[in-house]
Amino acid sequence: MALSFGKVSGAIAAMHNETTAALVNLNADFTLIKLEAPAEYSALGNTISTKRKTDAEEGTLHKTARRLGALFKDVLPVTDELCRAYGTRVSEICSMLPTTTTQEHLGIFGSHLGLDITSIWAAATSGSAAIQAHLLACMLARIFPNQEAISLWVELVEKRKEWIRIKQGNTLYSSDHHNEIMASQQDISRSDLATWDSSARAWLQSADQAKKRQHIQTMLILNNASVPVNSEPQTYDSLMKAWTTALEAMNFLVKGIPQRVQDGATLLAVSSWHLYPDMIVHGTTHADVRQQDPLFPTGTFLTLGLQHVRDDTKSVYWSLPLACLQFYGHPVQAVRAIGPENKRITCDQFAYVILGCLFGGWNEYAVNDEDGLERLGRITDLMNIPLSLRFKHSKANTWLIYLAVAAQNYLECEEEERTVAQQLVNLGRRWSTFLYPRHTSQPPPLFGLSTLSGLLKVLKTPDHRVHCLRRWVMMSSQNGADLIIRYSVHNSDVTWVEYASTVPTSSQSPLKRTSDGNLKPAESLPAKSFRWLHASQYQLTLFVQYRDDFRDVEVAKEKLSRMKSAYTPIDSSLNHRFSNENIRYWKEIEELREVILYAQRHRYIQSLGETYLPVIQDVKSDKFKRELDTRLCFPTSKDFVEASQELLASLLNSPLEVGPVTMPLMYYAGIHSVCGLYSLTHRNRQSLHDIHLNPLFVDDFFQPDKVDLGLLQQYFASVDPNVRFLIRHLTACAMMSEVYHLLPGAEISTAVLKTSLAAAKWVNEATETPDSAGLNISQAFACIAMFDSGTCNLAPESLSQVFALSSGNSLYILASLLCDPFERPRASEIRRVVGNVGRPGMTFLISPPEVKTREADPGQWMAINHSAFDGQPANHFGNTSIHLSFTNYEIPLIPDENHQHLIDRVFVLVETLVSVYDGQTWVGEVDILKTFNHHVIQRAVNDQFCSHAERGVSYEAVVRKFSRLAATSIENWDELIEAPASGTVVAKAHKSWLARLAITAMAVKYGFAPVILPEEPCWLCCSRSFLASRDKYALVW
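1017 is the number that full-length UniProt numbering gives to position 1017 of the sequence shown; each next residue is one higher, with no gaps.
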């Protein structure tokens, strides 16, 4: 019996082992099971691309969806109604978004274009728990950056598996939890979770654009909510609570059961799942928001009571410790919110942020948006730059045009758009360090025009400058009697220096002193202002000699006219005596002309109600001609001529001595060479630099009738270093807008504000180069990477080989890859299409250093005819296609030291093969970037006024005239691979842009000089394109 019992026990044990093995096999295979998607999701199956559908049903994402669903199914509530409603919404959004054009579908990136709904379809074909896992992915993607979201997913999965193991150990029979055990044994790698997060993140970007109005309205509410998602201190507990709370609340709402919540989990779900229930918000203000979403029964409200509002935080926020973010170290505490600081906005909206950054440094000049916009408007109006020049690729004042357009858009927007614009301007004010970096001297407001020296530089006339300084002295606490204004006057080709009193005085000379140096009491005469001409001894002599002419200008002008009429030019053929007389006569004319010039100036100053007198200056210098002491000597006479005579006598009798009318002169404020204030009393008075003016003071003078356009332009061309630094940053923003102008649908992460433009590696290089054609390719990709991600600050040289960039729901592609080679996009032009390459983070595509092509095959001799070209159009390359594939070569890019210790490398250079196929047959790889960097490519353009018998000149006729133009017809790839060693060939791919692109790239590879023909070429015009002495031409038609 014992023996038989042992046999039975062995058999049972064997059966148990076989059963366990079978279960293990089942455990390994259950991820391949594909469920029928609910009816609400069926429309997605017709929208998703073939490649993405295969991955969603059979690939990595499908397995991830199945594994996540199985792992969390037992701890999630049943929310079938929510899953159905979400399916209806995503199907609706897919129908709203534009489809990709046919040309792009057939292009190089065809299989990667279109909406990324891979994770949604993977979840829909994997079960309700997988759909719930996708919903959590959307919540995390909404509030956390990708690296932090991946870290949270890793910790969530690990803790859930650990929880299952603990539960299994505490259970009498582990078979009671067999499904959980199987799920916990599944390997869900970090890269799988990164791809899961990436797909959800791409979907959010597309869905936000489709539901723009509802999304904006929801975000306006959430931006003022200021509530935490929850207050759980442990990451796993916080994630699970937020997840389940949101699922249950939204499921009840879809069922028509109103909900009242106190935290932000459900609000985060509303913004992440694009389901918009009517809301009632109680807080500092009461808001009743009716969104009329048909997915919610009428009368179903989500009520939010704000009881935990923090003064230092805005919007819904979530604070979590991230234990799986770095390779080593303590958990990193992350506090994230879904407010403006963590948002994606359009390029035009970002311009509002820049306005806010600018106004943040203008202080009292932009106390509110209206003041800032008004003063900015004055500058742009006075500069008189047409806004139509915004995208003309010229660096001259593009920064100012950029600001002017932003201001105009702000003033024209209405209602909700205006509210959003105001929030973005306020965001810029809070992050003004984006334009004004910390630890640097901040430029004065109004680009330095708020300073006394800045304002003086742009005023139209000397009188405006004098008036400005007099006003400043009057409004300040300065003693005007101790100050004098020195300024330059320009008249035709003559320049001289004048002085002006700062305040009116009743004394003839406001500067008369007693013998002990004190000012004399003012005489009881009417108060007047004074001007003085800084005259030389020669000029004083003229004023005395021509006193009658000076006092009667009109008579002097008639006298000058008569003298000029009688004047005979010097003739060398006449005798010497007559020539000397002529010279003296000419000298008298010039003297009289000078006297009349100053006499007219005297009459003009007198007409202003001011007294005009001469003054002389004495400058003492050392042996090195360094100025040691400067003094002014003022006359006591009221009459200009008598004053001239008085000063002249003083000069002729003896050197200047310090006396009652002689005053020291020392620079005090303003601009020495243009218009400045000088002290007459304090030899040791410290001069003032960058005097900041009151806004109302500047407003009075910054008017069209007082500011000179030429001087204003000259000012901005030669500003001081601090202002130049700011203008460089604004120029970089204008360059960015030029790039984004060609990227419709592209968005900017507001997280970019955390990186000052002074630290942006592409900015210094781009703004210092003299090239006015905008950014080059590598600079443009570096610019896009920075603004799209908000954190990627890469040096352009590290991206020199990049031809495309994949990020979120966007593919940024070199324009040359998306059009016929005959088109002429700018060399650095980049275009955006909806799609991605299915990799997490930001992927930069580069070609290998050398690409392979198919070798010549003697076995294909029957396919090679090399017939003579007949001049007739045809497309013999209709089966040509180009596809992308990736090698295993990747280069992680580390933007800065803050990313060095992070586990996930979200910025990666990926080696990419661009492969040409003829049907199913591989032809070779091409390097498009190198192709179009070759200068051998020509485009044969018909003459604009071609009159060659209405382009009826046949190819045969041209060949008869130019025999060397006889060409060999290329009608398949083998004929191109084994093309004649010299001469001209014509590849016939008429009206097939993709085949023409492939042929052009291959022709360069095989050593040809490609000539791209138009659709209907005039052979006589086109013949000029390849008459140069080259051995091998490839005409691409």
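It is possible that some hints are incorrect.
[What the hints assert, rightly or not] Taking lysine to any residue and the SDA-like style, the derived pairs with C-alpha atoms no more than 25 angstroms apart in a straight line are:
| hint | residue 1 | residue 2 |
| --- | --- | --- |
| 1 | 557 | 544 |
| 2 | 212 | 167 |
| 3 | 1005 | 839 |
| 4 | 63 | 98 |
| 5 | 212 | 43 |
| 6 | 991 | 892 |
| 7 | 557 | 528 |
| 8 | 167 | 189 |
| 9 | 528 | 556 |
| 10 | 991 | 889 |
| 11 | 528 | 505 |
| 12 | 1032 | 968 |
FYI, nobody ran anything at the bench for these hints, they're computed from the structure.
Tested hints:
Note on residue 557 and residue 544: the hinted pairing holds, with a Cα-Cα distance of about 17 angstroms set against a maximum of 25 angstroms. At most 25 angstroms may separate the alpha-carbon atoms for a hinted pair to count; residue 212 and residue 167 exceed this at roughly 45 angstroms. For the suggested pair residue 1005 and residue 839, the alpha carbons sit about 30 angstroms apart, so the restraint of at most 25 angstroms is broken. Under the criterion of a C-alpha separation no larger than 25 angstroms, the hint pairing residue 63 with residue 98 is inconsistent with the structure, at around 30 angstroms.
At roughly 22 angstroms between alpha-carbon atoms, residue 212 and residue 43 fall within 25 angstroms of each other, so this suggested pair holds. Between residue 991 and residue 892, the direct Cα distance comes to roughly 40 angstroms. Violation of the 25 angstroms bound is thereby established for this hinted pair. Among the hinted pairs, residue 557 with residue 528 is inconsistent with the structure: their alpha-carbon atoms are about 29 angstroms apart, more than 25 angstroms. For the suggested pair residue 167 and residue 189, the alpha carbons sit about 23 angstroms apart, so the restraint of at most 25 angstroms is met.
Under the criterion of a C-alpha separation no larger than 25 angstroms, the hint pairing residue 528 with residue 556 is inconsistent with the structure, at around 28 angstroms. Distance check on the hinted pair: residue 991 and residue 889 sit about 36 angstroms apart at the alpha-carbon level, beyond 25 angstroms; violated. Note on residue 528 and residue 505: the hinted pairing holds, with a Cα-Cα distance of about 5 angstroms set against a maximum of 25 angstroms. Note on residue 1032 and residue 968: the hinted pairing holds, with a Cα-Cα distance of about 11 angstroms set against a maximum of 25 angstroms.
When the structure is compared with the earlier hints, violations turn up for hints 2, 3, 4, 6, 7, 9, 10 and for no others.
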